[in-house]
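> In case you want the letters, here they are:
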Amino acid sequence: MIESVLVANRGEIALRVIRGARELGIRTIAVFSEPDRGAPHVVHADEAYPIGPARAADSYLNIGRLLEVARRAGAQSVHPGYGFLAERADFAAAVSGAGLVFVGPAPKTIRAMGNKTEARRRMEAAGVPVVPGTSEPLASGREARGVAEAVGFPVVLKAAAGGGGKGMRVVREPGDAAGAFGAAMREAEAAFGDGRIYIERFLERPRHIEVQLLGDAHGNVVHLFERECSIQRRHQKLIEEAPSALLGEEERRNMGEAAVRAARAVDYVGAGTVEFLYQDGEFFFLEMNTRLQVEHPVTEMVTGIDLVEWQFRVAAGEELAMRQHEIPLEGHAIECRITSESPFDGFLPATGVVGELEIPGGPGVRWDGGIARGTEIGLHYDPLLGKLIAHGTDRETAIRRMRRALRELGIGGVSTSTPLLSLIMEEPDFRAGRISTRYLEEHPDLFHAEVPPSARRALVAAAALLEHSAGSGRASPRIRRTAAPLSAWTRAAAATDPPRPNGR
Amino acid sequence: MIESVLVANRGEIALRVIRGARELGIRTIAVFSEPDRGAPHVVHADEAYPIGPARAADSYLNIGRLLEVARRAGAQSVHPGYGFLAERADFAAAVSGAGLVFVGPAPKTIRAMGNKTEARRRMEAAGVPVVPGTSEPLASGREARGVAEAVGFPVVLKAAAGGGGKGMRVVREPGDAAGAFGAAMREAEAAFGDGRIYIERFLERPRHIEVQLLGDAHGNVVHLFERECSIQRRHQKLIEEAPSALLGEEERRNMGEAAVRAARAVDYVGAGTVEFLYQDGEFFFLEMNTRLQVEHPVTEMVTGIDLVEWQFRVAAGEELAMRQHEIPLEGHAIECRITSESPFDGFLPATGVVGELEIPGGPGVRWDGGIARGTEIGLHYDPLLGKLIAHGTDRETAIRRMRRALRELGIGGVSTSTPLLSLIMEEPDFRAGRISTRYLEEHPDLFHAEVPPSARRALVAAAALLEHSAGSGRASPRIRRTAAPLSAWTRAAAATDPPRPNGR
Amino acid sequence: MTRSNATSHPGTRYVVSLLGERHDVEVRSDGTIVIDGFRLHASLAPTGPPHTAASRPPLSGEGYSLLLDGTSFALRARGGHGGEWRLELDGRAVEAEVLDPRAHRMRQLSAKAGTGAKLAPLKAPMPGLVVQVPVEEGQVVEAGDTLLIVEAMKMENELSAPAAATVSRLRAAPGDAVEKGQLLVEFAEAEEA
Amino acid sequence: MTRSNATSHPGTRYVVSLLGERHDVEVRSDGTIVIDGFRLHASLAPTGPPHTAASRPPLSGEGYSLLLDGTSFALRARGGHGGEWRLELDGRAVEAEVLDPRAHRMRQLSAKAGTGAKLAPLKAPMPGLVVQVPVEEGQVVEAGDTLLIVEAMKMENELSAPAAATVSRLRAAPGDAVEKGQLLVEFAEAEEA
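Sequence lines, in order, name chains W, A, G and V. According to the working numbering, the first sequence holds residues 1 to 504 in order. According to the working numbering, the second sequence holds residues 1001 to 1504 in order. According to the working numbering, the third sequence holds residues 2001 to 2193 in order. According to the working numbering, the fourth sequence holds residues 3001 to 3193 in order.
Just chain W, same shape as in the assembly (with noise of 0.2 Å):
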């Protein structure tokens, strides 16, 4: 077994993968930049070190100093996580050239894979439905409109080195062409440091519907059943659920087979994930993620296997140990994505400390977090402060309990997408499983969501009765632990003890 791995990330994920490592008595051995130094991942790991400024450029996605670290620290392997340079394939290279373990596939499938044009050929050979669409990088705001004709508006712009809907651009109408191309450009220089842009017809109502995959170094590939994750803003994902709602048992085993398929044309090894449209009763391959995705516990939930636990016995070179038949399916998983954004308010992103923090426990709840207390919500990363993920015997239970997880949810300091993930749990079409990536938009009332009068009394009372406590100065502002204002019940309750002097 590998004995020892350097955590290329930082975040929910760094942490998640350091807790698998840990379970398999692998050494964990952490990075972080100047403002992550006392981030928890930086905390739960048994090293870490330093390796530059904010910006991602200059630490987590500097290549060289990484390996520096990994050398000086005797780590055996390396395992990115997701975003960053999990999908790099000359990283992966150059951890292999640096002798050691990439815990993730080959470069070479990485590559093929990561260019999305060159992909899209290879899953055609395969026998993988595609979108239509332009197999070649655009080179210019004009050629983008004149293929965007010949395909059939609406058609979106992607980036080639892409994913995460970063460089992404919806494009309805001609006149709009040019300018979303050079957005979708600018987006995908900024992230990914690869402009190409290609082009593809866009379904209108498509469900995202993703295949879970698992490879070993001695040709077995399995899938792990689907995840749903329409539920998207921005083209980013909010919540994700497995199995599918929408899935009968026929097109669950074809979608399966042909991600399978899909992973045997490019001889995939470790976890991966092949993403689908479906629109319907037909599917189209999307793209391949050769990394672990954010929304992995699910399908770990209904499963019950641990992926970054497979992920490090794979790279060991250990064979996979179930076959396809042996794998279950139980339950219903969902997860909702927390980020530290204001949904009330366009998305917009937000920042703060972390103050209170109050996790969500009992039954079928888990939390894969990347905050505590005083962790500081900057810009410089992606906005993901944790992902709360809840399982139940079917749909509608796991529905429940996530509801009743996300009121126990407690991030005091910095606004995040709580309060609209629990509007959505309680939202008809959703808790009849009838959704698009288009359900944001179908439901502008969401966004709109007055408070309620009952909390909106409450409020009232606790603002006087904090200035009310605070008192005129205001110089100790302090409130009795016990309870104060003495409520009249309390009062009712006293006056059937022994009488009292002041007893009513």
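Just so you know, these hints were derived from the structure itself, not from any lab. All C-beta atoms, glycine included, are put in the ideal place defined by N, C-alpha and C. Any given hint could be a false lead.
Said to hold, decoys possible - Simulated restraints on C-beta separations:
no.	chain 1	residue 1	chain 2	residue 2	range
1	A	A1321	W	G281	32 to 40 Å
2	W	R55	G	G2138	32 to 40 Å
3	G	G2020	A	A1321	44 to 52 Å
4	W	E326	A	G1097	29 to 37 Å
5	A	M1322	W	H325	23 to 31 Å
6	A	E1189	V	P3134	14 to 22 Å
7	A	P1453	G	G2080	33 to 41 Å
Put chains A, G and V on the given structure of chain W with help from the hints.
Chains A, G and V alone, transformed into the frame defined by chain W:
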């Protein structure tokens, strides 16, 4: 379904019941004593009402006041949790008498099983094996000595009304019988208001294995397999597992069937547990707990069945949805009780205010807690702060996961059982499943664990750096939030950046 | 909750402004509170660790449990200056202002003096980097027209005009790093359509 | 970790007493620390929310991250008076005393003057209620003999003699509520066995 419930308890179990009820859409009504005004069960309930001063007899055990609150708040049912009034037949009868649903078995069932001597008679009649001993309470220390000599030493004295190890004493020599009888009687009187004591043969190195049951009002009874609770101190459970590492398939079936016979003998409705002592291939009925157990989560994690949900469903008259052969047993779960005690100081009770609180997360980990930052840990109530539960595909995986989770758990401001539990997770006999109720006695080294050299060095360094940072005046003990004192590594790293005026 | 009636517990009166509405509140010494004429039992208790008066953390909210006629609410609160409180409930943050009735009347009178119809200037809703400014000073814009593109957290955010107006002054240019709340665009009076 | 050698970064010296042992420590300005002659890279950072100097919570420990030659430790710390620190690591609480070398020597000298062989008095290890006191003043007790029974958290706790001794004074009686650390039993000189 039931629409509202008054939860007649506090701490982690009140929170557990509130969570279960909320997921079913049941309005939750908490009660609190004066020091519990700001406690988590108050904060998380839909409603909360004061019931009196700290002393349990004046609040959580005050039946009249509880029923008065239930009436005024319009509660439709009462859930007793465990401890306090959970096994008081008069309380169950009073609740029913007030026209409310008691979430638990009928008063006659509680009465039959609550009286340990009566329970023995019933079990013998139903063909459930019992430990040799008396069926009548003892009248005096002198009689205790006489009966003990007849049964044969060692013997154990137990409270007829008891449970949880209170009022329990082991006697190995005739001369100790009278003193032990007095102490047991005082404890039983204080804990249950019932000082009756009976006697049994004491098994030298038994394992404590218990079977979880669910019964409905339509005559259906199923068991949810066993839990092993052998790791105890002062007859109080510390670590519980499901399933037992010891039982074979046939023993598991025999014990399960005996437990179902026991439940049928008293027309059991609700969730209950039959406890057995197991030694050398034989098992003996110990007692039946007519309520939810502290350790119920391990059963929930291996069967996927929510016991609190089924308590409510059965109380509402629903029929059990699962038949015996449909109940799965998947993987292995372990629970560690996190108590406010100093394990390296004779398990002395510890008090304090919870400061920092770090809850473990990630895959397969569940936290059922009753504390939050600011919770005052006093001496009025049970020292159980919360329960940490880990689930894995097998016992070894569950243990590794628990070890990882214990390392993540941080409770500032009060001594807890955590460091001892961590040591047990590493101890070879525990890892091999070689355990009995005498495990802790037989592993005294666990209590004399040295602080390892690396930890000692870290403590010395931290103390010196804190004092250094605080400065001579100690007026402003501040440490900069960025890495300070700046690590030489950071400097070395910075030196590879473009030259700066102060670069070396 | 009951309609308030005459009582032997005269309380302290406040005007609470919250979510754009004004509420008349009376905190009584008998453990009740009267909100807009309705009387409720009220109990507020901090849930976090105790602090001395001097050690109150000013930078993050403290937790409180509020019981209002028995209904339980978990809040976080942070006090500002002059009766301002920032409250968090169910994941939403709300600003409240608590004044005594006389201070509230004074505030209203002074506000009336300076009312105008000009569109409020656009301020940065979050910190970020200005990427594009597709409008010019003097340009007439319609509601929804993009005024600036600001990059934050690797995403481009388009800030658009809330109503028809004339851009009178641009306070930011591409490449500028802006702080939250920083003035970006000022407007002249709205054009009549 | 390396043996310390001559350096151009002269540091500040401390004597740290912890778990019954004394350690010589030098904190250097180059980000290293020398413990009993061994030099390590050291970095300490608080993890909790920031507090102003005036608002440090005195009643509960603050979290810190310590990196010692790269090895990561999560600690909680609370400062007392005169160089005393209460530290928590891996769930264990440890008291430390940090003095400069001169203060440490003074402390040692004054301690030597008043050494005696008398058994330390028994103090209450936790708060509770005294249930029984089965010994009398003047009684000779053996190691392990029960001196008091104290009830706490509904359990009876037997407090026994740590060594053979004569009970010189009983400071508690059945029914007394006692605080943690309260004096319960004083002893005369130990009997020779």
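> A separate judgement is required for each hint: does it hold in the structure or not?
So, going through the hints one by one against the coordinates:
1. A/A1321 with W/G281: 32 to 40 Å: At 33 Å between Cβs, range holds.
2. W/R55 with G/G2138: 32 to 40 Å: Because 37 Å falls inside the window, the suggested range holds.
3. G/G2020 with A/A1321: 44 to 52 Å: holds (49 Å)
4. W/E326 with A/G1097: 29 to 37 Å: violated (54 Å)
5. A/M1322 with W/H325: 23 to 31 Å: At 24 Å between Cβs, range holds.
6. A/E1189 with V/P3134: 14 to 22 Å: About 19 Å separates the Cβ atoms of A/E1189 and V/P3134, which means 14 to 22 Å holds.
7. A/P1453 with G/G2080: 33 to 41 Å: The hinted range 33 to 41 Å is violated for A/P1453 and G/G2080, with Cβ atoms some 50 Å apart.
Checked against the numbered hints given earlier, the structure breaks hints 4 and 7 and satisfies all the rest.
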